[in-house]
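S.K.: Here the protein sequences come in this chain order: L and X. The first sequence begins at 23 in the numbering used here and counts up by one. The second sequence begins at 23 in the numbering used here and counts up by one.
These aren't lab readings, by the way, just hints derived from the structure by calculation. It is possible that some hints are incorrect.
Remember, identical chains collapse to one label, so a pair may be satisfied in a single copy or spanning two.
Unchecked claim - Pairs of lysine to aspartate or glutamate residues, derived as DMTMM-like cross-links and limited to a Cα-Cα distance of at most 25 Å, are as follows: (1) K139 / E87; (2) K333 / D264; (3) K67 / D144; (4) K67 / E41; (5) K38 / E79; (6) K49 / D377; (7) K333 / E138; (8) K66 / E388; (9) K385 / E236; (10) K247 / E138; (11) K38 / E75; (12) K247 / E342; (13) K50 / E138; (14) K73 / D144; (15) K38 / E27; (16) K247 / D340; (17) K333 / E236; (18) K137 / E87; (19) K247 / E343; (20) K38 / D233; (21) K43 / E80; (22) K50 / E251; (23) K333 / D346; (24) K247 / D233; (25) K43 / E27; (26) K49 / D173.
Number of protein chains: 2
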Amino acid sequence: MAITEYYTPTHVYFGKGVEDKAGEILKKRGATKVLVHFGGGSVKKSGLLNKVENSLEENGISYIELGGVVPNPRISLVREGVEIGRREGVDYVLAVGGGSVVDSAKAICYGIFDKEKGDTWDYYAYTRVPEGATPLGVILTLSATGSEMSDSSVITNEEKGLKRGYNSNFVRPAFSLLNPELTYTVSPYQTSCGTADIMMHTIERYFHAGDTLELTDRLSLALVKEVMEAGILALEEPDNYDARANLMWAGSLSHNGLMQVGNAVRGDWACHQLEHELSGMFDVAHGAGLAAIWATWARYVVAENPSRFVKMGVYLFDMEESGDKMADALKAIDYMENYFKEINMPTNLRELGIDPTEEEYRKLAESASYFGKRTLGSFKTLTPEDMYNIFKAAR
Amino acid sequence: MAITEYYTPTHVYFGKGVEDKAGEILKKRGATKVLVHFGGGSVKKSGLLNKVENSLEENGISYIELGGVVPNPRISLVREGVEIGRREGVDYVLAVGGGSVVDSAKAICYGIFDKEKGDTWDYYAYTRVPEGATPLGVILTLSATGSEMSDSSVITNEEKGLKRGYNSNFVRPAFSLLNPELTYTVSPYQTSCGTADIMMHTIERYFHAGDTLELTDRLSLALVKEVMEAGILALEEPDNYDARANLMWAGSLSHNGLMQVGNAVRGDWACHQLEHELSGMFDVAHGAGLAAIWATWARYVVAENPSRFVKMGVYLFDMEESGDKMADALKAIDYMENYFKEINMPTNLRELGIDPTEEEYRKLAESASYFGKRTLGSFKTLTPEDMYNIFKAAR
Numbered sequence: 023m024a025i026t027e028y029y030t031p032t033h034v035y036f037g038k039g040v041e042d043k044a045g046e047i048l049k050k051r052g053a054t055k056v057l058v059h060f061g062g063g064s065v066k067k068s069g070l071l072n073k074v075e076n077s078l079e080e081n082g083i084s085y086i087e088l089g090g091v092v093p094n095p096r097i098s099l100v101r102e103g104v105e106i107g108r109r110e111g112v113d114y115v116l117a118v119g120g121g122s123v124v125d126s127a128k129a130i131c132y133g134i135f136d137k138e139k140g141d142t143w144d145y146y147a148y149t150r151v152p153e154g155a156t157p158l159g160v161i162l163t164l165s166a167t168g169s170e171m172s173d174s175s176v177i178t179n180e181e182k183g184l185k186r187g188y189n190s191n192f193v194r195p196a197f198s199l200l201n202p203e204l205t206y207t208v209s210p211y212q213t214s215c216g217t218a219d220i221m222m223h224t225i226e227r228y229f230h231a232g233d234t235l236e237l238t239d240r241l242s243l244a245l246v247k248e249v250m251e252a253g254i255l256a257l258e259e260p261d262n263y264d265a266r267a268n269l270m271w272a273g274s275l276s277h278n279g280l281m282q283v284g285n286a287v288r289g290d291w292a293c294h295q296l297e298h299e300l301s302g303m304f305d306v307a308h309g310a311g312l313a314a315i316w317a318t319w320a321r322y323v324v325a326e327n328p329s330r331f332v333k334m335g336v337y338l339f340d341m342e343e344s345g346d347k348m349a350d351a352l353k354a355i356d357y358m359e360n361y362f363k364e365i366n367m368p369t370n371l372r373e374l375g376i377d378p379t380e381e382e383y384r385k386l387a388e389s390a391s392y393f394g395k396r397t398l399g400s401f402k403t404l405t406p407e408d409m410y411n412i413f414k415a416a417r
Numbered sequence: 023m024a025i026t027e028y029y030t031p032t033h034v035y036f037g038k039g040v041e042d043k044a045g046e047i048l049k050k051r052g053a054t055k056v057l058v059h060f061g062g063g064s065v066k067k068s069g070l071l072n073k074v075e076n077s078l079e080e081n082g083i084s085y086i087e088l089g090g091v092v093p094n095p096r097i098s099l100v101r102e103g104v105e106i107g108r109r110e111g112v113d114y115v116l117a118v119g120g121g122s123v124v125d126s127a128k129a130i131c132y133g134i135f136d137k138e139k140g141d142t143w144d145y146y147a148y149t150r151v152p153e154g155a156t157p158l159g160v161i162l163t164l165s166a167t168g169s170e171m172s173d174s175s176v177i178t179n180e181e182k183g184l185k186r187g188y189n190s191n192f193v194r195p196a197f198s199l200l201n202p203e204l205t206y207t208v209s210p211y212q213t214s215c216g217t218a219d220i221m222m223h224t225i226e227r228y229f230h231a232g233d234t235l236e237l238t239d240r241l242s243l244a245l246v247k248e249v250m251e252a253g254i255l256a257l258e259e260p261d262n263y264d265a266r267a268n269l270m271w272a273g274s275l276s277h278n279g280l281m282q283v284g285n286a287v288r289g290d291w292a293c294h295q296l297e298h299e300l301s302g303m304f305d306v307a308h309g310a311g312l313a314a315i316w317a318t319w320a321r322y323v324v325a326e327n328p329s330r331f332v333k334m335g336v337y338l339f340d341m342e343e344s345g346d347k348m349a350d351a352l353k354a355i356d357y358m359e360n361y362f363k364e365i366n367m368p369t370n371l372r373e374l375g376i377d378p379t380e381e382e383y384r385k386l387a388e389s390a391s392y393f394g395k396r397t398l399g400s401f402k403t404l405t406p407e408d409m410y411n412i413f414k415a416a417r
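Next comes chain L alone, as it looks inside the complex (with noise of 0.2 Å):
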């Protein structure tokens, strides 16, 4: 059995206005300059930006504004926020937003503490290894990355059309401020999304290849189950603070690395790295991206062992064993595309979306593979041929 960390030291504070604390705990941290950052209006629309600043100048810190991150955020904004960091002294980030924003503000922490002042994406490049990252805050709008309490950030390189990931404790926020209430506003579809995400964050870590902590499992299956009864609830009552609240902290306990303690390994991957290729070329969401791809893949790699399949079957949707394993492992995973369907998300890539070319998925298992120098997944180890059957299955 693999020795795993388990390493957290992001302090969460949870409930109702803890926004307001913003200034107070930015203070206490000794943060004196302070990178805003966000993505649309939607944060200045509800007022949140103004509530967060009035907070921060309540507490005696100054802050520069840097707006503009889109989902799938990019290189490019990053990059201005590095300059803009290196040239102000910025001491501390504050991320205010949903997944991309703190992506975001991710790769700027990496840019801003660099000594050599180089291009931040030589770390998603893997060329240069960061070696630390300006301390980050963070306060949560939309429940799905599991970014707040994370490792990891995705950025993609819009000139290449590459989306990358890097992992790496350095960027593991200082505090995460978590009000379920500020979710109340995230629209029906991107509801689906987040939900989506958090299950296959979970999800992804729940098939892998060897031994498994049987304490893991439980809390994964019970944390999978609640989200998927909050996703529904949060679609029908958007305004319902127990709903945003299991999701909100779900989200947060589903990437964090709870969910792989004591396994062999530390998750399978595949979907993520197949999605990550679909939304770098065609920049569709992270979670429907997921959902599109999840049921192909169950289907091209169950034989492995299907017996994984039938426990989730069984807890998830309590459904009956046949006696026949592989035709249980089968219906688990029906059931779990037909849960897909209820909350609106996509099983192929045409309800995606997108219908791509020959050439197109050739291109997409090409930048899958690393152009051929690696495999994916440990459930099953995919070849390049293998991502390709996916991609082509799941059109």
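Given chain L, put chain X in place with the hints provided.
M.R.: Just chain X now, kept in the frame of chain L:
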């Protein structure tokens, strides 16, 4: 809904052989003079201490040994450790043992850091507040108290016959090395005590007044169910890795704060406070003391909210609901009591091996209520008279 905080900075390393990393990790963290703190001779006999000290030597770290921690760790040994630490310039404490050793080490960490060089008992008597603590690492040999990730420590003042806890983030261990194999030799009795203790850390949080986050309920009940099964398996097969691994990780998660996130209050904790009086006066094992008092407490408070007990019964014991809530709640309590019997834990004071006199009952209630100055519990607020009643009924 109150704001809850989740803060678990402890870097956990989990798996076979992690204790070999001690020296390397301490060196990376800048330790130069380490106080190696432990209990009786078992860590010497097993060769663990030797192994750990070799790992320190290989990394050029000097150390001082301080053994002798007993269950219900005593302020006298803490004072000795503090004196050594101050005199020798100790900059890191390494606890090698179970919860008592970790708790004793935490108290020593407060004391070494104390710039006033005062008496460390002051913190536990609530007459002074610590301003920090020397950093702490843990090599765990017993799954029970969760002290390896928690903010709490409980110390006994043997002169005054008092057992008092103090909580602060200062003493959350910087790192904890969790190797389930190190618990293979734990005796059946201590395995059961640990199982009861872990269950109770979660159950104490589960029973509280006010709103609940459903995800936290689900995770809590999933954890307790796993602990109940792993506890039985560990008794049957002491060297079953999975059983020991599930108990060990459950011990950490049951007391690091995870099982209270999003809830209105941090739990009930009356049983813990009542048990502290029992083990302060009679030196009984903490887990056994908790098992001995829980069912009596439960029947005393059940009318406050029987549904909470029913929910627990349905999840943990696949109990079918009859429609009569109170009857079902009482049945759930019976089931839990039977589980404690199944793992050979006492379910009353006589089975615990004590039979207090009337004067002792009065004293227990006086001490638990700080001489009438505090109530206990949140599920039901217990008056000093209630405490007396529960002690007596638990006979």
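S.K.: Does each hint fit the structure? Answer for all of them.
M.R.: Structure-based check of all given hints:
1. K139 / E87: within (21 Å within a copy, 47 Å between copies)
2. K333 / D264: This pair counts as between: shortest inter-copy Cα distance 18 Å, intra-copy 28 Å.
3. K67 / D144: neither (35 Å within a copy, 52 Å between copies)
4. K67 / E41: Within one copy only: 16 Å inside a chain, 53 Å across chains, cut-off 25 Å.
5. K38 / E79: within (21 Å within a copy, 50 Å between copies)
6. K49 / D377: So K49 and D377 fail the 25 Å test inside a copy (51 Å) and across (55 Å) alike.
7. K333 / E138: Intra 50 Å, inter 58 Å, cutoff 25 Å: neither.
8. K66 / E388: So K66 and E388 fail the 25 Å test inside a copy (41 Å) and across (57 Å) alike.
9. K385 / E236: Neither: 39 Å inside a chain and 44 Å across chains, both beyond 25 Å.
10. K247 / E138: Neither way: K247 and E138 sit 46 Å apart in one copy and 52 Å across, limit 25 Å.
11. K38 / E75: Classified as within; 18 Å inside a copy, 48 Å across copies.
12. K247 / E342: both (17 Å within a copy, 21 Å between copies)
13. K50 / E138: Close across copies (24 Å), not inside one copy (29 Å); limit 25 Å.
14. K73 / D144: neither (36 Å within a copy, 42 Å between copies)
15. K38 / E27: between (31 Å within a copy, 12 Å between copies)
16. K247 / D340: both (11 Å within a copy, 18 Å between copies)
17. K333 / E236: both (12 Å within a copy, 22 Å between copies)
18. K137 / E87: Within. Shortest intra-copy distance 23 Å satisfies the 25 Å Cα cut-off; inter-copy 42 Å does not.
19. K247 / E343: both (19 Å within a copy, 22 Å between copies)
20. K38 / D233: Close across copies (13 Å), not inside one copy (40 Å); limit 25 Å.
21. K43 / E80: Cα proximity of K43 and E80: one copy only (11 Å, versus 46 Å across).
22. K50 / E251: For K50 and E251, the Cα distance exceeds 25 Å both inside one copy (38 Å) and across copies (44 Å).
23. K333 / D346: within (13 Å within a copy, 33 Å between copies)
24. K247 / D233: both (23 Å within a copy, 20 Å between copies)
25. K43 / E27: Cα proximity of K43 and E27: across copies only (12 Å, versus 30 Å in one copy).
26. K49 / D173: Cα proximity of K49 and D173: in one copy and across copies (24 Å, 24 Å).
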